[in-house]
Amino acid sequence: MAVAYTIGNLPQPFSVHDVEAKLGVAALRIGLTMNFFEYCGLVTDAPGRGTYLATPAATQVAEAWAKDVELGKAALRRAWNQTWFTKSARNRLAQGPGLREGLHARFTMLAGGAVHRRSIDKLLDLMVLAGLLIEEPDGFVRWYASANDAAEDRRSPDAEDTAPDREDGTTASPGGSWGPHDRAVPTYEDDPAELLADPLWFKYVRYLTAQEATDLHRQLHGVLGILSQARAHAHADNSAPAVELAQPLHLWDLGRVSLETWLDVYASSRKMSTFIPSMRSRQSTPMS
Numbered sequence: 001m002a003v004a005y006t007i008g009n010l011p012q013p014f015s016v017h018d019v020e021a022k023l024g025v026a027a028l029r030i031g032l033t034m035n036f037f038e039y040c041g042l043v044t045d046a047p048g049r050g051t052y053l054a055t056p057a058a059t060q061v062a063e064a065w066a067k068d069v070e071l072g073k074a075a076l077r078r079a080w081n082q083t084w085f086t087k088s089a090r091n092r093l094a095q096g097p098g099l100r101e102g103l104h105a106r107f108t109m110l111a112g113g114a115v116h117r118r119s120i121d122k123l124l125d126l127m128v129l130a131g132l133l134i135e136e137p138d139g140f141v142r143w144y145a146s147a148n149d150a151a152e153d154r155r156s157p158d159a160e161d162t163a164p165d166r167e168d169g170t171t172a173s174p175g176g177s178w179g180p181h182d183r184a185v186p187t188y189e190d191d192p193a194e195l196l197a198d199p200l201w202f203k204y205v206r207y208l209t210a211q212e213a214t215d216l217h218r219q220l221h222g223v224l225g226i227l228s229q230a231r232a233h234a235h236a237d238n239s240a241p242a243v244e245l246a247q248p249l250h251l252w253d254l255g256r257v258s259l260e261t262w263l264d265v266y267a268s269s270r271k272m273s274t275f276i277p278s279m280r281s282r283q284s285t286p287m288s
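Taking UniProt numbering, the leading residue of the sequence shown gets 1, the next gets one more, and so forth.
Restricting the straight-line Cα-Cα distance to at most 35 angstroms, the calculated cross-link-like pairs of lysine-lysine (DSBU-like) are:
no. : residue 1 : residue 2
1   : Lys22     : Lys67
2   : Lys122    : Lys271
3   : Lys122    : Lys67
4   : Lys22     : Lys122
Since the hints were derived computationally from the structure, they do not count as laboratory data. Here the structure is a predicted model, which is why all the values come from computation and not from measurement.
Starting from the given sequences, assemble the full structure and let the hints guide the process.
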């Protein structure tokens, strides 16, 4: 975040070493960040390796920040108004708060899946620091509540809800271009119900790598631990669940939907478990 309001204050053109001297951050890290700020329209390339020019938008951010931090954040939000991540977050949270993990899954999908989780975490953290996202309890976030900025949003035409590629085929992020997965995520074509109902035959096991055998055991025990904990909490809760929540959900049902869809279902069930008892309480309260 410090880089965002520093680049507009430096003599132009500037190098990553100028930013390093100003902030005490390694030039290599700043160079990676510049890819992101170039996509956001805050800097453009200048002649010379690692040399840039601040755009008028970056100058406006710096001038506003010098007057007041909140004014600076508002200027940064306006500068990011047409970016793919701003559009995506605004669209997803248009109806109210949602899970940060759901937004994370959305960004991952838009970026093509080949991303480091840490890069998207940094992007979401930046959006929180800039005031685009407001953190709420239980891992939820909501779109910022600013009448002036909301009016600015409405005046700006919506961009496509996609993550545009850079010329080198990568997508800009706070940590540079999106990197590849540390390990490819296995895919499957079989029906999830058949896979989960079928025993793990030894004739299948012999085709696993040592890493896959390790992952299978760890992830299975992780799933069992999560399910056991959820069941214990449910049994300890003496309140009767809402009829809407007393529906079975098989594990293979999860295997048939995307992570983003599943997190939407999860968020809805959390909201419903709070809303329905509250509504019943109001209905049972006698009117004076």
